[in-house]
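**Student:** Protein chains in written order, with my numbering: chain A, 1 to 146; chain C, 1 to 116.
Hints listed in this document are in silico derivations from the structure and should not be mistaken for laboratory results.
Given the structure is predicted, the values throughout are model-derived calculations rather than measurements.
Careful, some of the hints might be misleading.
What the hints assert, rightly or not - Derived pair list, reagent style DSSO-like, types lysine-lysine, alpha-carbon separation capped at 27 Å: (1) A:Lys28 <-> A:Lys115; (2) C:Lys25 <-> C:Lys4; (3) C:Lys25 <-> A:Lys116; (4) C:Lys11 <-> C:Lys25; (5) C:Lys25 <-> C:Lys73; (6) C:Lys73 <-> A:Lys30; (7) C:Lys11 <-> C:Lys73; (8) A:Lys28 <-> C:Lys86; (9) A:Lys115 <-> A:Lys30; (10) C:Lys73 <-> C:Lys4; (11) A:Lys31 <-> C:Lys73; (12) C:Lys86 <-> A:Lys31; (13) C:Lys86 <-> C:Lys25; (14) C:Lys25 <-> C:Lys41; (15) A:Lys115 <-> C:Lys41; (16) C:Lys41 <-> C:Lys2; (17) C:Lys2 <-> C:Lys25; (18) C:Lys41 <-> A:Lys116; (19) C:Lys41 <-> C:Lys4; (20) A:Lys31 <-> A:Lys116; (21) C:Lys86 <-> A:Lys30; (22) C:Lys86 <-> C:Lys11; (23) A:Lys30 <-> A:Lys116; (24) A:Lys28 <-> A:Lys116; (25) C:Lys41 <-> A:Lys30; (26) A:Lys31 <-> A:Lys115; (27) C:Lys86 <-> A:Lys116; (28) C:Lys41 <-> A:Lys28; (29) A:Lys30 <-> C:Lys25; (30) C:Lys86 <-> C:Lys4; (31) C:Lys41 <-> C:Lys86; (32) C:Lys73 <-> C:Lys86.
As the list claims (entries may be wrong) - From the derived model, a few chain A residues whose C-beta atoms are all more than 10 Å from chain C: (33) Asp13; (34) Tyr47; (35) Glu48; (36) Ala57; (37) Asp67; (38) Asp72; (39) Val85; (40) Met89.
Ideal placement from N, C-alpha and C gives every residue a C-beta, glycine not left out.
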Amino acid sequence: MSMLHLTYQVPGDDFTRAGEASGDVKHKLKKLGYEPDAVRRVAIAMYEGEINMVIHAGGGEAVVDIDPDRVDILLQDHGPGIADVDQAMQAGWSTAPDNVRALGFGAGMGLPNMKKYTDEMTIDSVVGEGTAVRMTVFPGRKEEGR
Amino acid sequence: MKVKEIVDILKCQVLNEGNMEEEVKTACGSDMMSDVLAFVKDQSVLLTGLMNPQVVRTAEMMDMHCIVFVRGKNIDPTVVALARQKEITVLASPYRMFTACGLLYSNGLRGGCEIK
């Protein structure tokens with residue numbers, strides 16, 4: 001069991017609420033005294049993931065496990081899945097529609113950015129079933145060189 | 001530069017007053033929040049023409065303390081309310097993006113991403 005286990009439903013029909021879960025995790029990590037660099041890395045990666053779930057998958061679930069030496073984030077959705085994960089990881093590659101770009105997202109930077117800010121990331125996706133993104137941040141590993 | 005100086009330089013209306021004495025050194029200007037999340041590092045001011053709650057969320061995740069909405073956009077009260085909750089200063093400037101960035105730069109604010 002982790003020190004703190006958090007579960008959030010990310011609503012798929014309300015773009016304005018995307019980021020609520022990440023904001024809450026950020027607030028909790030800050031309060032627990034995690035170093036600012038780690039707090040920021042978790043917040044950005046999870047926020048990008050939340051936005052992705054809202055844009056592409058009709059929402060989903062975020063599960064966060066907080067321990068002194070690691071923060072694990074699982075983002076699980078039942079959306080269309082990612083046909084080619086390697087392609088989706090390329091900076092600038094996006095399937096987001098124009099209306100999403102008008103909202104300031106969909107530049108194809110989400111997944112690469114999540115990888116950049118976390119220490120570990122894996123994507124399990126099945127077309128037609130959904131996607132699970134697992135990310136881990138180890139506080140203390142500096143953002144240096146990212 | 002202090003946040004209150006930005007108010008004067010950009011002829012801003014203050015929509016949410018945070019710490020106006022705060023010293024800021026770098027800023028970024030973008031309507032693409034994706035790019036802000038990908039490229040911004042330690043900038044503390046965000047200039048944007050985009051008006052939705054995700055601008056505030058983005059600033060929150062990036063530890064930015066001041067948002068400047070450029071070109072006198074119609075302000076969405078829900079955006080200001082969220083910023084108030086997150087203790088982020090919100091300013092509205094009548095200048096357009098290029099001029100707003102140029103005025104701040106010429107007054108000493110930098111981008112924080114100088115090319116070597």
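**Student:** Are the hints correct? Go through all of them and say.
**Tutor:** These are the hints, each one checked on the structure:
no. : hint                 : verdict
1   : A:Lys28 <-> A:Lys115 : holds, 22 Å
2   : C:Lys25 <-> C:Lys4   : holds, 13 Å
3   : C:Lys25 <-> A:Lys116 : holds, 25 Å
4   : C:Lys11 <-> C:Lys25  : holds, 19 Å
5   : C:Lys25 <-> C:Lys73  : holds, 25 Å
6   : C:Lys73 <-> A:Lys30  : violated, 33 Å
7   : C:Lys11 <-> C:Lys73  : holds, 14 Å
8   : A:Lys28 <-> C:Lys86  : holds, 14 Å
9   : A:Lys115 <-> A:Lys30 : holds, 22 Å
10  : C:Lys73 <-> C:Lys4   : holds, 20 Å
11  : A:Lys31 <-> C:Lys73  : violated, 35 Å
12  : C:Lys86 <-> A:Lys31  : holds, 14 Å
13  : C:Lys86 <-> C:Lys25  : holds, 21 Å
14  : C:Lys25 <-> C:Lys41  : holds, 12 Å
15  : A:Lys115 <-> C:Lys41 : holds, 16 Å
16  : C:Lys41 <-> C:Lys2   : holds, 19 Å
17  : C:Lys2 <-> C:Lys25   : holds, 9 Å
18  : C:Lys41 <-> A:Lys116 : holds, 13 Å
19  : C:Lys41 <-> C:Lys4   : holds, 22 Å
20  : A:Lys31 <-> A:Lys116 : holds, 24 Å
21  : C:Lys86 <-> A:Lys30  : holds, 13 Å
22  : C:Lys86 <-> C:Lys11  : holds, 24 Å
23  : A:Lys30 <-> A:Lys116 : holds, 21 Å
24  : A:Lys28 <-> A:Lys116 : holds, 22 Å
25  : C:Lys41 <-> A:Lys30  : holds, 18 Å
26  : A:Lys31 <-> A:Lys115 : holds, 25 Å
27  : C:Lys86 <-> A:Lys116 : holds, 25 Å
28  : C:Lys41 <-> A:Lys28  : holds, 22 Å
29  : A:Lys30 <-> C:Lys25  : holds, 23 Å
30  : C:Lys86 <-> C:Lys4   : holds, 19 Å
31  : C:Lys41 <-> C:Lys86  : holds, 19 Å
32  : C:Lys73 <-> C:Lys86  : holds, 21 Å
33  : Asp13                : holds, 15 Å
34  : Tyr47                : violated, 5 Å
35  : Glu48                : violated, 6 Å
36  : Ala57                : holds, 17 Å
37  : Asp67                : holds, 21 Å
38  : Asp72                : holds, 18 Å
39  : Val85                : holds, 19 Å
40  : Met89                : holds, 13 Å
Hint check: violations occur at hints 6, 11, 34, 35; the rest are consistent with the structure.
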